[in-house]
Structures are given as structure tokens and as C-alpha cells.
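J.: Next come the chains, spelled out residue by residue.
2 protein chains.
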Amino acid sequence: MADQLRTRNEDYAQWYNDLVLKADLAEHSDVRGCMVIKPHGYAIWEKMQGALDGMFKATGHVNAYFPLFIPKSYLAKEASHVEGFAKECAVVTHYRLKSDPEHGVVVDPDAKLEEELIVRPTSETIIWNTYRGWIKSYRDLPLLINQWANVVRWEMRTRLFLRTAEFLWQEGHTAHATQEEAVEETRRMLDVYAEFAEQWLAMPVIKGVKTASERFAGAEDTYCIEALMQDGKALQAGTSHFLGQNFAKAFDVLFTNKENRQEHVWATSWGVSTRLMGALIMTHSDDHGLVLPPRLAPVQVAVVPIAKNGEQLDAIREYVRPVLEALRAKGITVKFDDDDKKKPGWKFAEYEFKGYPVRIAIGPRDMENGTVEVARRDTMEKEVLSIVDLAEKVEHLLQAIQSGLYQKALDMRERMTRAVDTYDEFKVAIEEGGFILAHWDGTAETEARVKEETKATIRCIPLDGDTTPGQCMVTGAPSNRRVIFARAY
Amino acid sequence: MADQLRTRNEDYAQWYNDLVLKADLAEHSDVRGCMVIKPHGYAIWEKMQGALDGMFKATGHVNAYFPLFIPKSYLAKEASHVEGFAKECAVVTHYRLKSDPEHGVVVDPDAKLEEELIVRPTSETIIWNTYRGWIKSYRDLPLLINQWANVVRWEMRTRLFLRTAEFLWQEGHTAHATQEEAVEETRRMLDVYAEFAEQWLAMPVIKGVKTASERFAGAEDTYCIEALMQDGKALQAGTSHFLGQNFAKAFDVLFTNKENRQEHVWATSWGVSTRLMGALIMTHSDDHGLVLPPRLAPVQVAVVPIAKNGEQLDAIREYVRPVLEALRAKGITVKFDDDDKKKPGWKFAEYEFKGYPVRIAIGPRDMENGTVEVARRDTMEKEVLSIVDLAEKVEHLLQAIQSGLYQKALDMRERMTRAVDTYDEFKVAIEEGGFILAHWDGTAETEARVKEETKATIRCIPLDGDTTPGQCMVTGAPSNRRVIFARAY
Numbered sequence: 091m092a093d094q095l096r097t098r099n100e101d102y103a104q105w106y107n108d109l110v111l112k113a114d115l116a117e118h119s120d121v122r123g124c125m126v127i128k129p130h131g132y133a134i135w136e137k138m139q140g141a142l143d144g145m146f147k148a149t150g151h152v153n154a155y156f157p158l159f160i161p162k163s164y165l166a167k168e169a170s171h172v173e174g175f176a177k178e179c180a181v182v183t184h185y186r187l188k189s190d191p192e193h194g195v196v197v198d199p200d201a202k203l204e205e206e207l208i209v210r211p212t213s214e215t216i217i218w219n220t221y222r223g224w225i226k227s228y229r230d231l232p233l234l235i236n237q238w239a240n241v242v243r244w245e246m247r248t249r250l251f252l253r254t255a256e257f258l259w260q261e262g263h264t265a266h267a268t269q270e271e272a273v274e275e276t277r278r279m280l281d282v283y284a285e286f287a288e289q290w291l292a293m294p295v296i297k298g299v300k301t302a303s304e305r306f307a308g309a310e311d312t313y314c315i316e317a318l319m320q321d322g323k324a325l326q327a328g329t330s331h332f333l334g335q336n337f338a339k340a341f342d343v344l345f346t347n348k349e350n351r352q353e354h355v356w357a358t359s360w361g362v363s364t365r366l367m368g369a370l371i372m373t374h375s376d377d378h379g380l381v382l383p384p385r386l387a388p389v390q391v392a393v394v395p396i397a398k399n400g401e402q403l404d405a406i407r408e409y410v411r412p413v414l415e416a417l418r419a420k421g422i423t424v425k426f427d428d429d430d431k432k433k434p435g436w437k438f439a440e441y442e443f444k445g446y447p448v449r450i451a452i453g454p455r456d457m458e459n460g461t462v463e464v465a466r467r468d469t470m471e472k473e474v475l476s477i478v479d480l481a482e483k484v485e486h487l488l489q490a491i492q493s494g495l496y497q498k499a500l501d502m503r504e505r506m507t508r509a510v511d512t513y514d515e516f517k518v519a520i521e522e523g524g525f526i527l528a529h530w531d532g533t534a535e536t537e538a539r540v541k542e543e544t545k546a547t548i549r550c551i552p553l554d555g556d557t558t559p560g561q562c563m564v565t566g567a568p569s570n571r572r573v574i575f576a577r578a579y
Numbered sequence: 091m092a093d094q095l096r097t098r099n100e101d102y103a104q105w106y107n108d109l110v111l112k113a114d115l116a117e118h119s120d121v122r123g124c125m126v127i128k129p130h131g132y133a134i135w136e137k138m139q140g141a142l143d144g145m146f147k148a149t150g151h152v153n154a155y156f157p158l159f160i161p162k163s164y165l166a167k168e169a170s171h172v173e174g175f176a177k178e179c180a181v182v183t184h185y186r187l188k189s190d191p192e193h194g195v196v197v198d199p200d201a202k203l204e205e206e207l208i209v210r211p212t213s214e215t216i217i218w219n220t221y222r223g224w225i226k227s228y229r230d231l232p233l234l235i236n237q238w239a240n241v242v243r244w245e246m247r248t249r250l251f252l253r254t255a256e257f258l259w260q261e262g263h264t265a266h267a268t269q270e271e272a273v274e275e276t277r278r279m280l281d282v283y284a285e286f287a288e289q290w291l292a293m294p295v296i297k298g299v300k301t302a303s304e305r306f307a308g309a310e311d312t313y314c315i316e317a318l319m320q321d322g323k324a325l326q327a328g329t330s331h332f333l334g335q336n337f338a339k340a341f342d343v344l345f346t347n348k349e350n351r352q353e354h355v356w357a358t359s360w361g362v363s364t365r366l367m368g369a370l371i372m373t374h375s376d377d378h379g380l381v382l383p384p385r386l387a388p389v390q391v392a393v394v395p396i397a398k399n400g401e402q403l404d405a406i407r408e409y410v411r412p413v414l415e416a417l418r419a420k421g422i423t424v425k426f427d428d429d430d431k432k433k434p435g436w437k438f439a440e441y442e443f444k445g446y447p448v449r450i451a452i453g454p455r456d457m458e459n460g461t462v463e464v465a466r467r468d469t470m471e472k473e474v475l476s477i478v479d480l481a482e483k484v485e486h487l488l489q490a491i492q493s494g495l496y497q498k499a500l501d502m503r504e505r506m507t508r509a510v511d512t513y514d515e516f517k518v519a520i521e522e523g524g525f526i527l528a529h530w531d532g533t534a535e536t537e538a539r540v541k542e543e544t545k546a547t548i549r550c551i552p553l554d555g556d557t558t559p560g561q562c563m564v565t566g567a568p569s570n571r572r573v574i575f576a577r578a579y
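Line order of the protein sequences matches chains D and V. If you use our numbering, the first sequence corresponds to residues 91 to 579, in order. If you use our numbering, the second sequence corresponds to residues 91 to 579, in order.
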């Protein structure tokens, strides 16, 4: 805990990696590209899962589970999907090992699969192959299903949470009778993601649509939420795809419509992943360690007694008991840390580093005065408060931290978002980081040129905001509206 | 829904399979041995997960996540583990596909892994390899970690939920400073499983310890809970293993004890899986379909209006609104099914088949009389009840169903459990099914002979019950106590 972090200014990438390791969020495993999510990190992910799962269910979705393995031939059934996903995959070729006196355990050459299986990089193919049996009539629609699962995309250059070979995610796969309903669903889930990002992660996001070259392989349209990290780089935090009838056609999923005619089903898919852990960290954390919005903190309030002996400790226990009860009655998660093997200073450092939103300390002087010391992690401010109505005060404080973090992140994003009109201005701006609003002629060529020359990509064409037309900063050709460029994670 | 089930007496195995399919619990996928868990089945599994997860946390455990893949060499590190698990496994040998003009997508031969990766059949090896970095001193112990995950064990003969190549489970992996603490943990988690089985699944279980030949590969002792299905076959519903220092030694996990000496860490592991879905079904369900204990039912009460027209439907909505509110205020999950595209009779059949514990029907006559019709799924009884205090009555009814199902299953088990003294009696009894209590001489030879000759295995040496010594029914050699034999799933 006492270990110093590199500051963000010194080396942002190193700061991030050290923070993830030292705050016990995750670590690299011996298996190339695969991470271990440690208990503190996993507890935050569980909070995210709980919130998202509730939102999915509130919008009519149910969970199910589909196979980990996808027959190789399935990947090839949807023409553009295969381009995107039949690449860096984990391929299962055999189903048995055997003991070998010389080499220990070896793969049994007699147990070769007739068709190789791919560890799912995403599940559209296996799910739409299954939906064929589930959907016969318009009465079976819409089918609103989500899956919580692990997926694997072989990655050579990995970063904890941001890019790993195996990661955890949810993937929604819905089936609809009409294009209109499917588009509506795509947008609804984008809104759910945006609300989750803002209300739970306290992370402002821009909703938009991807350009054709950034689209999901197999989608007609990919919607996304884009966030801006402290170092001025963008992070795609969630995507929602309108898949048209592409997968229904690839897997022969037809239904009888109300007019008794056979039609292909319309589809959406949408997902967020453990990547959100990286977004959370890079949005709020500081040179002192992790900063967590209270709604995602596994423990919201740590209470630390400062006692010289067992007698004082007993007295403090008595003193805080009603406070602990009142906090818990409000649904606030509290840890009363009376472990006498660890010193208060060690505990303070630990809770600070691991991002506990509020820490309360109580010593003998506090008992005399009817007070406690309350420290908030986000601003590092401390104040001495009367113990009267303390639970109410802490409840308000947690709300203030939650909204304060959002506001701070929003202010940062506003500062780092600006419009430019010329490509020269753009090249300067992109070096400084942030979201750059610029006119673009709508061609893949210009997009590719900008990426090649500046490493910036079009993060999205925003759904909201200024829609004044103009001229492409690169070619001068007409542009419908400014789009958002940035360098991205 | 109108499809008839084969009765249990006609063909129990077929009844089970049809029920799983027709109640929309699960189905086979195109991927050999892998099932799709459908929304209704998954919702029950989520209920199980929620209850178990709460019990794990209440006993001090936290969740984490470890890699899906295990390097092949890890499996060989613990001598007896390799015998048990390095067999029927999914083996990843390559990490890239490529397009081939002639064959579509092919495995890229240039992307062969240096060391093959095994899709985890269980995670002791990868976890103990990780724990080496986490445990230095007795202060780091105990480490009480659980993982919710998918695992793969290649199976040639599969049955939905009971035996599938991929299944979902939780696996606890704990590390302790002393043998005593590890044994205590093993027993504690066995108790948690037994409590969960009895309180949630309404399934009585016998707690016991496995014989050496039925032990987990790598364990010093395997404890288990054994349940008896309606057809007289046993089902192992959960296991808790005391692993001694075997994995600590295999993976060099040492800690400095309080006396400042280096010692190997003591371990446990314990797990239950989606197999519990099979146990649940085969404990309670009947020839009319699924029967669910209320605590695991995704929806506990279905409310069906019987209306001739929209006006009547509106009146019924008004009439039941306070009842729905009162039920929900009690935390009871209710579905008010006013979908007018489906007839009441269809809905009744659906809810009966899918195991909704209580169904309430309301027609115009009920409104006049201030009544509703309440049907309970377990006994198929119906009664007309006054709407006054209906939520209280339903709450009591749900409790009565939960305890009634347990009692019924217990009665069945008691009837089907009996002691025999001779091997001839045993051979007759085992054909009739059930738990057979018999004396055994404690040797693997006798155990193997009984299995060979009767297909019965020793389910466990019970922890409780009669401990009178006797003579082995097969060899006449001395026996410490009767053990439980049965044919098993």
C-alpha cells in the first residue's frame, strides 16, 4: 500500500498499470493475454453487472446461456462477420489428452475433431443458429435475450481490462418482426448504456453512430457511447448494433408475419465488457490511487477506530454502533475495521488507495466531543462532524461525491472538446488530446488518410449537438455536420 | 404446451428429457455435448446463484475470476489430479484462422501454440499457480475465494443438465494456515450446500464422505451431499474437498507462519453446478410437468383474468390491483397475465407445465363474490378464497408449498432407504432402487466387485446416523458402520 504510484503526468500508461496491480484489481496470468480479476476488481464488476442486469430486465430482457464453442463453419456464414471475427481466435482441434511416459501429458492424435471449434469471440452465429428453432411466427417476437459470458479474441498486445484475450461481458441478442422495432431496440439499449455510464460510472458519454469502416462486422449500423479519459484519449464504452436481416439470412431464420407471409427476422446485438473497468479507473482515479463513484464501490464507508487499548476500542464500538446501524438501514455498505493487527495509518492508506468513497475515523477525543472525522476520497477533504444524524450526513455526502465525480469528469471533457476548421489546426489539436469536432466529407478515403497521418479515428457521428453543415477540413467537400475525432484506446 | 409428457412410470429417462425440452429449460446445441440454457431454465439457475452467492458471502468468501485456459503442463503438476482430469478435455492448439479461397475459413498452420492450452475442466491448477504470488505470510491467510464460471469436460454420452461437455458452476478455492482450519472450511461449505439443498431446492440430502476410489483427483478427502431421485437413483449434488497440501506442494505455495517458519499452505475446493437443475427437476416434477419450490421459482404467482371483453378485463384489473401491490410488497414475484392474445386455458396449461407454484384466476363471478380461485401446483388443489387478506394467505401458501415439497421428498427418500445384511438381499434391493444401507469391509476390492456385479456404488460414508459396527455383506470382514449404496446418475 505504501508503494508510491508514478503520477499521471509522469507516465499515464504506467500509472494505469501500477494502479490496477497495486489496488488489487487485476493482474496478468501465466496464460498469454488472460487476466486474473482479483476480488476487489471483481466486486466492482459485480456491482456493474447487478446494475446493468436490473436495467436489462426492466426493459423486458431475460438471460440465457449459449455454448462457449462455435463450429468453425458458422463464422463463415455471414459474409462480413467472417472478415471481422474469423481471425485471431482460440481454436480447439482435439478433445483428449493422454499420458506419455516420456513427455508427461500429450495431445491424443486420435482425438482430432472433425470440425474445429472456435472459442466464441462473440455469439451472433451460434445464437442465430439456435433462434432458427425458436422463431416460427410473429407471436414468438420480439425475442429479448441477454447473455453474461466470457469471450476470447486473441490479442498480441494486451492491457489489463482494456484489451485482453479473454474478457467478461454481456451480449444482448434480440429478434424482431420489423426493421422499425429492431432500430428502436438498438437505440433503447444505447440509451440504457448511456444512462448506466452516467448514473453509475459517473462518466459522461457521447452517443453516436460509427462510420462504415468502424462498424461491427455484420452490422448495418453500430451505435456507441464514447467517453474521454483523463489523458485526452477516447474510449469506446459500449456498442449497440442494428444487424438488419443479415444474420437471419445467413442462418435461415424466417417467421410467419401477421399477413401469413414468410419473412426474415430483424436483429440487434449490444454489449459492454470488463473494459468498463478500465474506463472507470481512467475517468476518476488520481495520483493517490483508485477513486470510485459510491454507487459502484463494493464498500462505501470504512469506519476506523483509533484506540490505544482494548478498553478504548470497546468504548468506540459502543459509540459507533448506532451509526453503523443507521447507515446500514439506509442501504449503505459499511466496513467497521476493528482489526487490531493493523495500525490506523495503514488502514487509511489502504482505503485511500483502494478508493473507498468515505472514511470515518473515531478516537477518544471524538467520543468526548460527540464527533467523528469524515474524509472523502474524491477531494481528499476531511471534516469533523457531530455524530448526531451522522447517517443522513453521510448519505448526502455519498450523493454529493457521486454527482461531484460526474460533474468533474464532464468539466474535463468540455475543456478537452473543441471544434477546429482546418486540417492544420486539427493536427495541432489532436496532439493535445481530447475530442476534436471537425467537418468530414463522409468518405472512407478521407477517414483513412486522417487515421494514417494523425492516428486519430472518427469516434462517432454524434446523435445530438450542433448539426450545422460545413466543409471537410481535409478535402473541402461538403459535410453534413461535425463528427468527433480522437485518438482512442 | 398441450403436448403430453411420457409418464414417469412409462419411461423415466424419456419423461425427464421431454420435460426439460418442453418446459423450455434447456436444449441440445449443434455443438456436441454443449447445451443451450433457455430463459426459463436460466432464470431458475440465477435464483440458485443468488442464494448460494449470498451464503458464500455470509461465510466470508469473495468472488474473483481466473483464466479459462490452463497450460497443458499445469495439469501434470499434481500427480493424482492429472489422472483424473488430463483426459477428455477441449484442447486449444492454434490461435488464428485465415481465409482460404477454396475452403472458406481454415486454421492458420503458422499460428500453432508453443504449448497447448486446455479449456478448464476445473481450476485448481491455474488458481494455485496464481496463489503462489498472493500468499507470503500467515497474515495473507485464510484466502476465501469463489469463482462463477463455465467449465468443459468432454463427454461422449450427454444428458441435459446432468452431464454436458460445457456446464456452469461455482468453484470455491480456499487457502489456510493449518490443516485444522482447512478441514473446518471443507465441512462448513458442505453444510452450506446441505442447507441450500434443503432450504431452497426443498431436497433432502445425506452428508457424507466419499471412499478413496470416488474421491476428487488430488483431494485427501471428498465430502458430498447425496440426494435420491424419484426413480430411486442417487445424484451427487455437491462436493467439498479437503486438498491437504497437495496443490501447495505441486505449485510451491509456501507461507511464513507465526513462528517465522516456511510451510506449505493447506487447501480446500468445493463446487456445485447446473447439474442441480437436473436434481431439482427429478426431485419434485410430475407427469404434468415442472414443479418448482417457491424460493427458486422465477415467478411465484401467476394471476390470470378471465374476461369476456375489454370492460370486464378493466374491472378485473381494478379488482386485483391492491392484491398485486400487497403481494409485491411482501417480496413475492407476481405475473399478472392480461395478454388477450392467449386464452385462459392456454395460460393455465402453460403455468402448470412450467411449474409456477401458485396460480390465481379471477372471473366476473369472483368479483361479485369478493373471491378468487387459487390453485397450487404441487398438489394440483384449487380453492376459492375471499380476496380479503389474500396476500397473507398466498404468502402462507407459498411457505406451505416450500415445506410440503421438502417433506414429500423426505418421505419418499425414507421409504426408499433401507438396511440389508446379506449380499443376496442387497442384489434384490438394488434392483428396486433407493439408498441401501449395508456393511462394507472398507476395501476398494469389495467396492469394485459390488459395482461390477450390481452397478451400485458407495455414495458415501454418512457423517450422521447409526454407527453400529457389523460385518461386510460381501466378505464378512469387520465393518465400522453401514455405508450408503445406490445406483447413481
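These are calculated hints, taken from the structure and not from any lab test. The structure presented is a predicted model; accordingly, all values stated were derived computationally and were not measured. Check the hints yourself; a few may be wrong.
Copies of the same chain look alike in the list, so a pair counts if it fits in one copy or across any two.
Stated by the list, open to error - Pairs of lysine-lysine residues, derived as BS3-like cross-links and limited to a Cα-Cα distance of at most 30 Å, are as follows:
hint, residue 1, residue 2
1, Lys-483, Lys-202
2, Lys-226, Lys-431
3, Lys-177, Lys-472
4, Lys-498, Lys-483
5, Lys-433, Lys-517
6, Lys-433, Lys-420
7, Lys-433, Lys-483
8, Lys-202, Lys-177
9, Lys-398, Lys-339
10, Lys-147, Lys-433
11, Lys-420, Lys-472
12, Lys-431, Lys-112
13, Lys-137, Lys-323
14, Lys-432, Lys-188
15, Lys-112, Lys-226
16, Lys-398, Lys-545
J.: Next, verify each hint and record whether it holds.
T.: Hints versus structure:
no., hint, in the structure
1, Lys-483 <-> Lys-202, "neither (65 Å within a copy, 60 Å between copies)"
2, Lys-226 <-> Lys-431, "between (64 Å within a copy, 16 Å between copies)"
3, Lys-177 <-> Lys-472, "neither (53 Å within a copy, 59 Å between copies)"
4, Lys-498 <-> Lys-483, "within (22 Å within a copy, 52 Å between copies)"
5, Lys-433 <-> Lys-517, "neither (52 Å within a copy, 66 Å between copies)"
6, Lys-433 <-> Lys-420, "within (29 Å within a copy, 44 Å between copies)"
7, Lys-433 <-> Lys-483, "within (27 Å within a copy, 54 Å between copies)"
8, Lys-202 <-> Lys-177, "both (21 Å within a copy, 13 Å between copies)"
9, Lys-398 <-> Lys-339, "neither (73 Å within a copy, 41 Å between copies)"
10, Lys-147 <-> Lys-433, "between (44 Å within a copy, 26 Å between copies)"
11, Lys-420 <-> Lys-472, "within (23 Å within a copy, 41 Å between copies)"
12, Lys-431 <-> Lys-112, "within (21 Å within a copy, 57 Å between copies)"
13, Lys-137 <-> Lys-323, "within (26 Å within a copy, 40 Å between copies)"
14, Lys-432 <-> Lys-188, "neither (49 Å within a copy, 56 Å between copies)"
15, Lys-112 <-> Lys-226, "between (53 Å within a copy, 16 Å between copies)"
16, Lys-398 <-> Lys-545, "neither (58 Å within a copy, 66 Å between copies)"
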